[in-house]
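Undergrad: Please take these sequences and the hints and turn them into a complete structure.
Here the sequence shown is numbered in the working numbering, starting from 187 and rising by one per residue.
Each statement offered as a hint is correct.
Simulated DEER-style distance windows between Cβ atoms:
#, residue 1, residue 2, range
1, T278, R237, 19 to 27 Å
2, G391, E246, 18 to 26 Å
3, R377, P441, 17 to 25 Å
4, E268, P245, 13 to 21 Å
FYI, nobody ran anything at the bench for these hints, they're computed from the structure. Every residue gets a Cβ at the ideal spot worked out from N, C-alpha and C, and that includes glycine.
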Amino acid sequence: MRAIFPLLFAALAGGAAAQPLPDLGGAGSGVLSPQMERRIGESIVRDIRFREPTYLDDPEIADYLAGLGERLAQATPGTRQEFEFFVMRDHTLNAFALPGGFVGVHSGLISSAETESELASVLAHEIAHVTQRHIARMLGQQDQLQLPVMVALAAAILLGSSRPDLAFGAAAAAQAGAVQATLSYSRDFEREADRVGLQALEAAGFDARAMPAFFERMQRSTRLSDDGSLPGYLRTHPVTTERIADAQNKSAAMPYRQHLDSAEFHLVRAKLRAEAGDARDAVGHFEASVRDRRYASEA
187 MRAIFPLLFA ALAGGAAAQP LPDLGGAGSG VLSPQMERRI GESIVRDIRF REPTYLDDPE
247 IADYLAGLGE RLAQATPGTR QEFEFFVMRD HTLNAFALPG GFVGVHSGLI SSAETESELA
307 SVLAHEIAHV TQRHIARMLG QQDQLQLPVM VALAAAILLG SSRPDLAFGA AAAAQAGAVQ
367 ATLSYSRDFE READRVGLQA LEAAGFDARA MPAFFERMQR STRLSDDGSL PGYLRTHPVT
427 TERIADAQNK SAAMPYRQHL DSAEFHLVRA KLRAEAGDAR DAVGHFEASV RDRRYASEA
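TA: Put into structure tokens, the structure is as follows:
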């Protein structure tokens, strides 16, 4: 994804040249207008499609993710823009939101989701980052930064989702200390995305308890890893005990709902596992799901 940083620089610098930068006031104002956010997101996704070899061009998987994402977006309060969802062929557990309504998901996260509600909880959280305009608001809080630093900050936020090595390279190019200090979403933004995401998850008919369950598994996998390294998702979405407890309390207060996974979820997950080299395991798992009817039948 090396081409994204210069492309992002051109998009931001071009927008700044066309109109004076606004005064950086409250969190709601931000530096990027919604129109500029959309242009930046479109440019990045276009570049990913044509230049990034890990972009997964599979109509069946794309249709499933688009349907799931659209269902959640329609249930998210304050949704005004269109959303587009895409998959990156990457075994790591990660998902990321780009400006303007674009959400990327790593194939490894889909493959490792134990339930469809867990996958939906991640998408709902990322959708909330977009609807709440967290990237623009984060930039708006950096009222002491010059344009090159703001560009590097935006690049670091975006690249840090899947390529932390490139993110820190971009950050080092322009006052690394100021940029790296804000690489992770702030705790307030994470809490807000959790709150909005939980509401959308419940409204869309999924099991809201899946969100804290996913958080706990991510935190557990970090403790069990040999080198103590963080999954990509936790680098930009830090999970704390307080955050898990908050999500547990909020989801416990919601009506209990047992969501049956769709057959499409099991099919897509098996397909991704097979593509990753676990074909026999993937087929066996899918056959077991069909045999045990661990999915919602349309009949």
